[in-house]
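Engineer: The chain contents come next:
2 protein chains.
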Amino acid sequence: MKSLIIASTSTVHGEKPLEYLFEELKLHFSNTNDILFVPYARPGGISYDDYTSNVEKAFSQIHKSVKGIHQFKNPIEAIKKSTGIFVGGGNTFVLVNQLYKSKVLTPLKEAINSGIPYLGTSAGSNICGLTMNTTNDMPIIYPPSFKTLGVVPFNINPHYLDPIPGNTHMGETRETRIKEFLTYNTQPVIGLREGSWIKVKGNSIRLEGGLKARIFEFEKAPYELDDNADLSFLK
Amino acid sequence: MKSLIIASTSTVHGEKPLEYLFEELKLHFSNTNDILFVPYARPGGISYDDYTSNVEKAFSQIHKSVKGIHQFKNPIEAIKKSTGIFVGGGNTFVLVNQLYKSKVLTPLKEAINSGIPYLGTSAGSNICGLTMNTTNDMPIIYPPSFKTLGVVPFNINPHYLDPIPGNTHMGETRETRIKEFLTYNTQPVIGLREGSWIKVKGNSIRLEGGLKARIFEFEKAPYELDDNADLSFLK
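So the sequence lines, in the order shown, correspond to chains A and B. Residue 172 in this note's numbering sits at position 172 of the first sequence; the count goes up by one each step and never skips. Residue 1171 in this note's numbering sits at position 171 of the second sequence; the count goes up by one each step and never skips.
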């Protein structure tokens, strides 16, 4: 049975990394003490070692040990043998490029489908969707494809941001950008606000975290869904 | 002699499209009354016809006529015969994809190098750089490459936005994103604020518009350059 937490952000303002998710993560990873961490998204160009060490510190608060996928000789075997997986945020282009380069995209999908509990934050959530076309990140690297895991039947926009009233900047709002996406693509997009996550348990897909999410569907006006909403109808 | 205006935005807040550039454009296009418009970036998914008609209205204020490249049977010939070119903003991924698809990237570069006056705004400015890796746009389409015109020896970040003091949003600032770009790439990036443009005349490359620009160079701290600064040393 698939088991995922797909979170908008690793960190909410004023808290330590993953802190707002600790209670949830204790349940999510209750059957394992060992987390395989994928540091490929490298926020700010941080090294894999430093990123993994930060994540290790966070998970030590809930008594889980963390090993980075780059510490294994064979990343594909590391995924196959994992009992819990966390793909962290950073730059989605960098992440997806490295997932293709290391040939771990398919093994990762198979692990998730086989029921290994998965946590994604930000870029690590983006890749759970059908494609990475709705990332907010700067395209600093050209990946072989924008196709991602597709373990949920829609696209994710993490760090979803409402238009700022009275803003004089002429760059597009997030809503405009996602609507543009839907002039070329038909899959739904979930605008996931910081502090929200999507919980997948088998065929159940629910919004959690106490906030509404903004839903964008092809040829429909965008609308809001409440916390705890069933998202499984979106496809 | 190359002659380009590479503008951060088509429109500044509270004004009509291109209005802030009219005096400059009269000089820039003083040798022609006919502008070839490239509407490929399609802001908000607008049709080529509607986009061209909007641009026609703007240019009629300075007595120039506008024809969209899509109105020609052969877009390559249209570029070869043009006497003034404007590539408008929208989505850079959509624009670059269509430039490749229509095989007009090389003809466009040749036209610019031969001295045909060029105006770019936003996405149309982005493509003047070496690559489109520093666009702010959402990757709603997968183009065949991120390589662009390279008619200036650096990258452009249009609509450059300073960090908002006191912001609680956890998504990356523009500065963070561009610094991330420089962990994988070495060319300079010019953060071009709305209201600014880069003026290229032969070998001269200058900042205009009354604002400072933020400069990002490989292995250097970002810094500011004043209005009218010479940018030709950046490569």
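Be a bit skeptical, because a hint or two may be false.
Stated by the list, open to error - Each pair of labels, with its calculated beta carbon distance range: (1) SER60(A) / PRO1222(B): 50 to 60 Å; (2) LYS220(A) / ASN1074(B): 31 to 41 Å; (3) SER1047(B) / LYS81(A): 28 to 38 Å; (4) LYS1080(B) / ASN167(A): 52 to 62 Å; (5) PHE72(A) / PRO1153(B): 35 to 45 Å; (6) PRO1153(B) / SER60(A): 40 to 50 Å; (7) ASP230(A) / PRO1222(B): 27 to 37 Å.
It should be emphasised that the hints constitute simulated quantities derived from the structure, not laboratory data. Don't be surprised by glycine CBs; every beta carbon is placed ideally from N, CA and C.
Engineer: Going through the numbered hints above, which ones does this structure break? Give me the numbers in ascending order.
Structural biologist: Numbers 1, 3, 4, 7 - these are the hints that the structure violates, sorted from lowest upward.
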